[in-house]
Structures are given as structure tokens and as C-alpha cells.
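J.: For chain A, the structure is supplied; the task is to place chain B on it using the hints.
Chains A and B, in that order, give the protein sequences. Residue numbers for the first sequence follow the numbering used here, beginning at 1 and rising by one. Residue numbers for the second sequence follow the numbering used here, beginning at 382 and rising by one.
Treat the hints loosely; a few may be bogus.
As the list claims (entries may be wrong) - Below, a list of computed lysine-lysine pairs in the DSS-like style, where the Cα atoms sit at most 30 Å apart: (1) B:K460 / A:K160; (2) B:K510 / A:K347; (3) A:K16 / B:K465; (4) B:K520 / A:K347; (5) B:K510 / A:K340; (6) A:K310 / B:K405; (7) A:K305 / B:K488; (8) A:K185 / B:K400; (9) A:K351 / B:K460.
Claimed, not checked - Calculated Cβ distances over 10 Å to all of chain B for the following chain A residues: (10) R98; (11) K104; (12) A337.
To be clear, the hints were calculated from the coordinates, so they are not data collected in a lab. Given the structure is predicted, the values throughout are model-derived calculations rather than measurements. By construction, the Cβ of each residue, glycine as well, lies at the ideal position given by its N, Cα and C atoms.
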Amino acid sequence: MAARPLVSVFSLTGDKSGETSLPAVMTAPLRSDIVQFVHTNMNKNNRQAYAVSLYAGKQVSASSWGTGRAVARIPRVGGGGTSRSGQGAFGNMCRTGRMFAPTKTWRKWHRKINTTQKRYAVASALAATAVPALVMARGHVVDNVPEIPLVLDNALESTKKTSQAKEILASVGAFDDVEKAADSKQIRAGKGKMRNRRYTLRRGPLVIYSNNDGVEQACRNLPGVELCCVDRLNLLQLAPGGHMGRFCVWSQSALEALDTIYGADGKRIPTAAMTNADLARIINSDEIQSVLNPAKAGQATYAPKANPLKNIDALEKLDAYAAAARRAETKAQEARASNKAQLLAAKRGVKKERKQFKAQGKAFYEASVKQGDVCADGFDM
Amino acid sequence: MQHDEMIWQVINHQFCSYKSTIGKAKSDKTMFCRHPYSVTGLCNRTTCPLANSKYATIREEEGKVHLYIKTVERAHSPKNLWEKILLSRNYSKALQQLDEHLAYFPKALVHRNKQRLTKVHQYLIRMRKIKLKELSGRKAKMVGIHRKIDQREERREKKALTAANIEKNIEKELVERLARGTYGDIYNFPEVPYQKALQQAEEDAEVEEEEEEEYESEEEEGEGIVEYVEDLEDEEEEEEDVEDMEYMGDGQWGSGSEEEEEEDSDEDSEEDSSSEDESSSSEESSSDDEGKAKKKKKPASKRPKTQRRKGTRVEIEYEEENEEENPMEQDAVAGMAW
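Only chain A is shown next, with the shape it has when bound in the complex (with noise of 0.2 Å):
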């Protein structure tokens, strides 16, 4: 984007009420393989250890009955008097043995992330939220919302009551997809529903304020809805999954904050490797196609290759008995068909045939009846 274009703001109602320009983080570059990777990483930070038990397994005092027992060789346990004795121990393939390399806390859970790359990834995830394609192909259903980045009046940040956000949402489009994830709530499959993690659900818009006045508590209860400030703008929000392009609906104040926070003296915007990645459009523009040498002449132009197993014209080439059998045997084929025709002509004509003389029978019969019974005045032989 050459010129930066102006972006609508609209009122609480749905109308436009006013134009701000797109910030220039919007035009970052979009570098999917950058925000993979820091959302990969990011995603561990929040993890919590998970460990067996240190001494698990191992409280048993076995010792192996070594050789000449007719037994496999493992630790065995000692002792008498009840079924244990003698049962097999401390190995990872013993019935209530340690496992095979015990989980330990110590397991590096969290991961560091450079800072630029970080950065990178939000001004990443920032521009994809500007491109509407992006935002329906990741899964947001945005068909009725007036555009994109979808910018309300200041006003929302002051909503008090979640009944007030919906209808705010709603005059905007942007109620469809909070009805998307509502609709989703499933009962997670798997263990995860036992261990505080019942449900699942799709995420819905992300709504990014500067300043809360009350938005909060007025939009979280709504499902899939999420909340932002600006200051703190957060990957794993912008960039669900990994995957860049979340519906997110701004406030005015904090769609014009964004210009100081990625700016001149704030974070560095990355710059695009090509201004312009039209890789095709470019090579066949005329700058490009008047300056190139002229085609070589006199090159000889190789036909593609033609297989002879299906190609009768290449199998030709190679071996024109085998062609030539090919050819008769598709005329007689045809021929065979075209007979068929004729033979289902025939036949149809003959069933006619059969149906008119059954229908003679019949008319004589009906007329023979009709005469009358011959015998009714009885007769002399």
C-alpha cells in the first residue's frame, strides 16, 4: 500500500460516524513462518510441571536371583507369604516398576523468545487482522460487517452492560461470529473434561480498547469474545493457533495509539524484504519485458513428449504393426456399436411384430365370442 488509506469509524449504531488513517504496523509484512514459530514457543510459556513421583516404582527392596533359577534374571522381590514374592521389580517392564525415564520437573518447560522476534510476530499478526481474507480464512464468519479493520466510535470503550455490548456487536456484523462460537460448545473429547477443561469452544472477536472504562466487564461474559488493551497486545490473541488473522474490532483511540506505539519512537516496524511481492505482475510488466534481450531466433522448439502406451501417433513412431492392430480394433468397436443400433432396431421391430399379432388374436377372439353361443338352439349333426 502505497498511500495509507483512510479507515471508517462507525458509531455505536452502526453508521459512520468519522475516518481515521490505517496505521502503519498494517502494513507490515505478513511472514506466517515468523508468528508459527513465536506462537510455538509462546504458547509453553504458561505450562505447569507435571512429574511422577520421585520415588516411584523404586520402594521395593529387590534384588535379582542372578543365575541358575530357570528365571529371567530381574530383581525379584524377597520375602514370602503373600503374592508379591518373587514378583518382578524397578523395571520399566515390571508390573508396578518405575517407568522408563521418569518425568522430571526439571524438564525445560518455558522457552525464550528473542525480543525483535516477538515484536515481529505482533506487527505480523497486527497486519493480517487488516486483510479480510485472511480473517475468513482462518474461520471468522465476517460476511456482514461494513469493513475491515472494523473501528467503533470511542463510546465503546464506556459500555457497562454485556446487553449493551451484544447490541453494539450486533448493529456492527460482528454479532455472527460471537453466535459461531456460542453455537460451537462442545464437551471436550478427552481427558481434558475431568481435569477443568470441559468445554471447547471457537474464538470469537477480539475487541482491542485503549483505556477501560467498563468494556470489560461488558463484553467478557459474551462467549468467544475477548479483550485487549493496546499496551499489551498478546500473540497467542492476535494469532490463535498460530495461524494469523483474528477478527478484531478496535476503538477508535486504540486504532490511533497503535501509530505511537510502532512508529518513530516507538517499536520498529519490520520492513518487507519486496515492496512489491507480485512476483509474476512484475516480470511481465513492460519496464521489465522492454529491457530484456530479445528471444534467441532459430532455437528449435522440442514438441512434448508424447507416450506411446496411450498416444496411437507416438506408438506409430515405434512400432506401426502394433498401431495399425490398434486402429482396426477401435473401428471394429465402433462398427460393433454403430451394429448395436441396428440390432435394437430389429429387435424392438420384431416385439411390434409380436404385439400386433397378439392383438389379431385377441380381436378375433373378441369377435368370435361376440357371435354368440352356437349351441343355444341346439343343432343336428
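T.: Then chain B, alone, in the frame of chain A:
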């Protein structure tokens, strides 16, 4: 245009919610586009409705065919993205309209749209034909089979059938009705067993009376106090094992050679008396005791005895069921199956 390329890179390599694939092997994989505005159903760079800012589609709704056009100028506004143009119902006129509206579009896209229009018209014609045939009765309406649903319903029907317990419930209902008396006196019992049952009921009533008398007499004596009394008659008992007894013919078992006793006559009289089960058992026990006593007293003498008259004889009576009931006379009863 610049954006289109970027969009396609992201969609194709990363994620597009409209993309679906069939075929697991890389060679067989076909990628489909489930976007409702896609011209072809395939996921391609040139036919992706998201990655092409200049795009057109044909869509049919309730028999009406519309042309949808999308341009760059409206790319930022999803609400006003698609321009909807109603096409003529006449096929050739519709084609002309396509040419007119898609004049400056890439030829390939126009061609695709024409193909789609053709297909739409063809299937509309087919639908009309089928409907007419259906209305005139020449062809039945074809309904799709939903195997999953049908199998599920079948399974449930089976379960419901077994859960209904139809026979049991019918039986219950009929018995209830009988008890209520809705059938009046129309009982259809087979006659002979009914008569037996009546007789039995009478006899039971008599026996009950007798038993009541006995019970009363017993109560007078001791009021239920159990007394243990010596068995004075037979001291030095030697119980005879059943194993020792030999079969002496005529259904009689005994200890073989026995000796005469003074009490033979007593035995005979006792043994001859008609027996009911209880009395016979008491007889048996008493005769057992006596026999054993005799054995001990005179072991030496080995006078042969006739089996019938003397010797410990244990009459083993074989209990017969239904002793009191007369055998059913098959001829007399009407309504019997056999």
C-alpha cells in the same frame, strides 16, 4: 495484486478453513475449496475466491441464477463485497450477459463462469424433468439413503422392542383384567384339572380341620415343651447299615439269614397294616431296631427262615406322586388336546 500473492502464500501453506482434501498419498491428493463463492470446487491459485481480488461466480438459489462479481475497490468491506446480478432464464441470453459483465476479466475466469452456468442450467432442466415425471406418476421420488441414520434407528428399534417386554406386559394386563372381573364368569379352564383342584381344595379343608384338632391336643399336654424320653424298649441297639442289607426278592431288602423271635407275630401285624408314608417310615425304624436286637441275641443259630415270614425285613416303600389323584381318563374329557 501484491496482497493477493501474500494472501495465497498464507492460505496455501498455512491454513485456510475452507480447504479440504481427499486422498492420503501425495500423488492422489485433491484439494477442494468449500467456499460458497468458489467457481470451481477446487483449491487453486487462480480459482481461490479469497486470493483473487478480481473474481466472479455463478450461484443458483431456488432456481434463480445470479452472477456475483468481486473487485479490488470493495475488498476492504466484506458486507458490500459481492455485486449480485440476476441472469436471464434463457441460456443464450445469460451467456451474453456474462460476456457483457465480465468484459474485462481474465479470459480463463470468464470461461469457468460459462462452464458453471452451463452445468447449472443442465441440472435445473434435469430437476424439472424428474419433478414432472414424479408428478405424473411415471417415476417415484428418489430419496437418499442415510446409512448411518438408518442403522442407528434400527439398533434403537431393536432395543426398544426388547425393553418393551411385550409378552410380559400383555400377560400382566390380561391377568389384571381377569382379576378385575371384566370377563365376568367366562373362565375357560380345562375341566378335569379344575375338578381335581376343587376336590383337592375340599380335602385340604378337611385335613386342616384335623390338624387343628391335633395341634390343640398337643398344646393341652405340654404347651410346646419338648421332652426327651428314654427309649426303654430297645436297649443295646445295633443299627443296621443299608449296605449290609441284601436284596431278597419281591422288592424286599433285609439282612439275609435271621432268627425267629417271639415278637414275629407282632412284626407281621405291624408290617401288614396299611401304610401311609409317615407310618411306614416309623415302622421301618422300629423293625430295624428289633431286627438288630435279635441278631445280637442269637448269633449262633442259623435256622433257615422263609423270607416272607421272618427275618429282618425292611420294606422299602417307593413313594408315588399323586397317589390320591385318580389317573386321568383321557376319553371322558372334552377339550383336551391330546
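J.: Under the constraints set out in the numbered hints, which ones does this structure not fulfil?
T.: 9
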